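Undergrad: Read top to bottom, the protein sequences are chains R and Z.
Position in the first sequence (from 1) plus 1282 gives the number in the numbering used here.
Position in the second sequence (from 1) plus 754 gives the number in the numbering used here.
Worth double-checking, as some hints may not be accurate.
[Said to hold, decoys possible] Derived DSBU-like pairs: lysine-lysine, alpha-carbon spacing no greater than 30 Å straight-line: (1) K981/Z <-> K1685/R; (2) K1697/R <-> K1307/Z; (3) K831/Z <-> K1714/R; (4) K1685/R <-> K831/Z; (5) K1301/R <-> K1714/R; (6) K1697/R <-> K1315/Z; (7) K831/Z <-> K1697/R; (8) K1046/Z <-> K1754/R; (9) K831/Z <-> K1780/R; (10) K1777/R <-> K1046/Z; (11) K1307/Z <-> K1681/R; (12) K1780/R <-> K1315/Z; (13) K1751/R <-> K1046/Z; (14) K1284/R <-> K1315/Z; (15) K1754/R <-> K823/Z; (16) K1777/R <-> K823/Z; (17) K1907/R <-> K1403/R; (18) K1307/Z <-> K1685/R; (19) K1315/Z <-> K1754/R; (20) K1409/R <-> K1443/R; (21) K1907/R <-> K831/Z; (22) K831/Z <-> K1751/R; (23) K1828/R <-> K831/Z; (24) K1048/Z <-> K1891/R; (25) K1284/R <-> K1307/Z; (26) K1307/R <-> K1315/Z; (27) K1307/Z <-> K1780/R; (28) K981/Z <-> K1714/R.
What the hints contain is simulated information worked out from the structure, not anything from laboratory work.
The structure displayed is predicted, hence computed values, not measured ones.
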Amino acid sequence: MKDENCFTTVEQMEADSAKLYELSKASGAQTWEDRNKNQTPHCKFGEEGVCCRICSMGPCRITPKAPRGICGADADAIAGRNYLRMVAGGCSAHSDHGREICHTLYAAKADGYYKVTDTVKLINLAKEWDIETEGRDIYDIAHDVALCGLNEYGKPFGTQKFLKRATEERQKTWEEQGISPRAVDREITTAMHMTHMGNTADAEALVRQSLRTGMADGWGGSMMGTEFTDILFGTPSVRETEGGLGVIEEDMVNIIVHGHDPAMSEMIVQASEHKDLLDLARSYGAKGINIAGLCCTANEVAMRHGVKMAGNFLQQENAILTGCVELIAVDVQCIFPALGPLSECFHTKFITTSEIARIPGAIHIKMEKENALEQGRQIVKMAVENFANRDKNKIFIPKTKEKAVVGYSCESILKQLDTVTNSHLDERNTYKPLIDCVTSGVLRGAVAIVGCNNPKVRPDYSHIEIMKKLIKNDIIIVASGCSAQAAAKAGLLSKEAKNLCGAGLKRVCELADIPPVLHMGSCVDISRMMLLATGIAKDWGVDITKVPVVGCAPEWMSEKAVSIANYVVSTGIDTYLGIEPQVKGSAKMMQLITQGTREITGAGYIINKDPHELVQAMIDGIEAKRAALGI
Amino acid sequence: MGLFDRVFAGADDMLAKAEQDLSAAIDELGIDAPMVMPDTGYFLACIYAYTGRKVAKLSDLKEAFDDVKALCTREQKTEDIFKNGIATAIAAEIIEAVKYAKSPNPYEDSIYHGHFSDAEVRELGVPLVTQEIPGFVVIIGAAKSDDEAFELIKGYQSRGIFVFLIGDIIDQAQRKNISMGFAVRVVPTGKDIWSVGHIISLVVRAAMIFGAVQPGDWDAVNEYTFKRIFAFVNAFAPVDDITVACGGGAIAMGFPVITNDENNMWRVPKSLIIQPDTSDFIETSLEARDIKIKVTNIDIPVAFSNAFEGEIIRKKDTHVDIDGSRLDCFELVRTKQAHEIEDHSIILEGPDIDEIEPGSKMCAGFIVEVAGKNMQSDFEPVFERRFHNFVNCAEGVMHTGQRDLIRIRVSLSAFEAGFRLKHIGEILYAKVKSEYESVIDKCQVRIYTDPAKCKELRAEANEVYDARDARLMALTDESVDQFYTCILCQSFSPSHVCIVTPERLGLCGAVSWLDAKATFELDPNGPSQIVTKNSLIDERLGAYEDVNEAVSKYSHGALEKVTLYSIMEDPMTSCGCFECICGIEPFSNGVVIVNREHTGMTPLGMTFSEMASMTGGGVQTPGFMGHGKHFIASKKFMRAEGGPARIVWMPKALKEIVHDKLNATAKDLYGIDDFCSMIGDETVTEDAEALLEHLGTVGHPVLEMEPLL
């Protein structure tokens, strides 16, 4: 039995990183740790959200002596505008990603490189959107669905179609509070417009638009991104993989895929299985071709192909530092420009593939849908041919890796829950078994842990400490993004992690044959979590705000995370943050995001930089929700 | 009140009762009074298993009670529910144990079974492994009606599920004349809920005996019961707090509770299941515990289940007595050509049992003819020996013996239900065909009842038996090319491997070399695998590289080596279901052998249970070894230490079983006549010194042998 002491610790991960940095100094490599030192201390005005750079009269910075900018905007207006602009940035990233996938589906054809894989999901979505399916070719349906999806980004009238998936109560709240999102582009544009010089200075109005813009992401762009990705590449199902830098293989050609949109990485994975390329690899003395992922691209290909996960956001440089990565191919988001100069210190080829992310020092291969597999082959071939250029003196692969079970889409979770139903009593395909566990007290509740790494806190430490404490307290976890990868590295996605759980969760893991932390995918897949919470609330028959389920982003850093936090709160789920949003310079804004939103959506932020205090607050919050329900 | 609070309240109730009864007993008997449960080497098994504490006196029990109290923590966590639940079970054991402190057999004059002996626990080993008993149910409370109680119990029984009854359902079963007892696998455990302590005691002993779970290893006990003991509970409404608390213990051990009580009750998937429709209890429960019943549909007018195997038909209830000890009876399997057999044909020659006076004797011969491309004549006796189990499973039919020494009784009620001789044919056809389908393509059954024909065929059958015996005699460890493993028990005893050789059958007594061979042929990926014997290390010990490799492979590295013929050097391990245990007797340099059925003391100062607890679960204990009865007369029996001449003591009943063969072996090996008369037994002495004296008087050969230690 794997006991508590056999799981990879943060200390071990840090020791691996330290060794890599030490060795890399000889190569002249620089990493985020060096740059972080150079950047510290950070600008206090920026950190507190009270630096306004919106017009060229400034920048204006708020101090007790200068409480207003030149135009008269006070701390509340400036912090509020900066905050909303972050949400708009995040929403646009997720939504543009989602839109790109819509285009990919639109381009899908029976004899193309991109095909419809999950026809059931396509047909269900077509029916949901009143698109005729009877007697039609699947690709005709796909094109209509894609077109309808694309329309969601710019339609002149109405609100997002997916809102109807929510509980009656949520829909009513959104409507009453005026935060039902219209077209995705419209909300981003409105956000940018409202924050333009000379517009909204009322913090509450800015927060309300933040909620609505976040909603356009979570219940719009992100949700479409997830749905369309599933239709194209298959709805994730449970599969086994591994996580940690140890997945890089010394005797194989290693290709790292990194970013968020799986359209490119899917082709690389396919190409890596082509016999001629495998033979080529062998001819160079490699045992084979090993694809490993970073960030959310890793999550996407792991849960559809079992591709191994090398690491999360702050490990992207470490992968190259092993000296064994022949090629790193990136698509969009969270890619360090530092990879350009860093790859030059090694033999590693750095390939950018999207017009969205062009980076100096990279070879740019613009992915074209009609040419995608050839391009995938071209990339794999480059990697194989680069195998011989490794510098033997620069090789160090840390041994640490852990087993992981991934791919818990809502569909997979329901299927897993079916295994614990009794055919003589229970309905299938519901969340009721999970609800029974919670109402009886065997499980205390659930937490969705998401988000990035951030050097402002000890990387991965908050994720892992919080997860361990929650599962010890019989609280089940769903995780996505870099958080899920932290869990993978620490072994928390393995079924053996049941040995770290309280007796209740341990038994649930054994009976349902699941790990205590369920990997739900990438950061756009947080939309899956919204549907999960919605499904639970519907099957339970209570308002989502009452369900003992909360969200947590212990190490968040990106604008996407702020957008996510807004739609999670709008969905009625309390959100626990381990990094402060940059609005501290405005007491009003702090009040609005922690308390004010509760009047609007029934949920808000709880912020604490100490992971131990944060997790205790979560446990207390869950117990308070239980008490309110009388369970 | 929430589910957790109900468990806490119930635990308090049970503990209060235990404390009260315990202090009353201490007041009455004194704190130093002995506290011993009969026929067990595991003390108070629940306390021993969960805390490691060996209770021998009431003072120990008092200390144990404080451990139990400490388990009753009160956080709103499943961990606390599990701890309180187990504490409740242990408190139940204490309440029941106190009765045994006062009287050696407190249930003597009642229908209640009370404590289970170690022998009973071990008896369950083989049927559990072979899934003849696919699971256990504990039924608590009263069914809505006597009829429903009857249906439920019979329903479980007919599926082979072992049934424990607690409380009012026992009265219901009695009113419906359900035959009850350990042998028929319906046990009226006790009147009160605390009699559940006996059941938990049985279960945790299974964990220690078969699973080599270390006493005191809380998690390992629960892990074993969860993974390997397929038990569950049916609790009838109204379910009180104390029963809910017991349910908490059951769930901690992995046993789901199914109840029809919807009041103040919570659903927990696969653990606590509310089924208002009690008529669906059985199927709901089996699904909850993932028990799949292997069904053989046999067209007979009575129930057919393993549960009836132990049923005894008394003379006054007998319609017909097919008595091989007085008349010409026999059973035989013969291999035929396919064209000679009409599949599923049952041919009766002679009168049927409705043509005789009720209660009289008659002769009968049964020939099962089989054909199949992969059939080998070596399999004939293997199939034939199973007739006993097959026929016995019919309700109201009893079968004993084998070959031409069989006895079959059909009860009056079975006869009234329409049971005739052709139904025995149906049973034999269905079971032989289904159990050996990979080698049997066609099968027909011939039944003879004409006395002259029986006499003639019996003589022919005897020729077959003689030929087989000659073949068996010729089968020695040296004369064959390969041995076999048997890991049938690994579902229970994960690190034990039997090596079965012609001269050393499996320790459970159920698997001979021919059986293992047949098992391998029937299922090449099954529990019996070939072990080559190419690289001998030491002939005296029976040590082979091949055997060691097999043992290491199939024990998953738990064991590195075993010898076939030594009890001192790397002796073969045991799963826990051994028929006999043999242990060295240091005064005489010999060994004492005890069979499972013997409950008395031995010259080692230990009972069977105590000796048996020294080994089992795949653990190697030099000086102690579990084995089958028939290994005793084998020339390979502890050959490394000098062979059967080392045997200095056996229970009389066991001596009688092995008498002829052991004498013949001793004559062969040592030229000694009537060796068995030299071996001590309980009528001679149970004392080591007196035994030594006896051995001197009779001139036992052990006294001339090298010291064992």
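Undergrad: Which hints from the list above does the structure break, by number from lowest to highest?
TA: The structure breaks hints 2, 5, 6, 8, 12, 13, 16, 17, 19, 24, 26; every other hint is satisfied.
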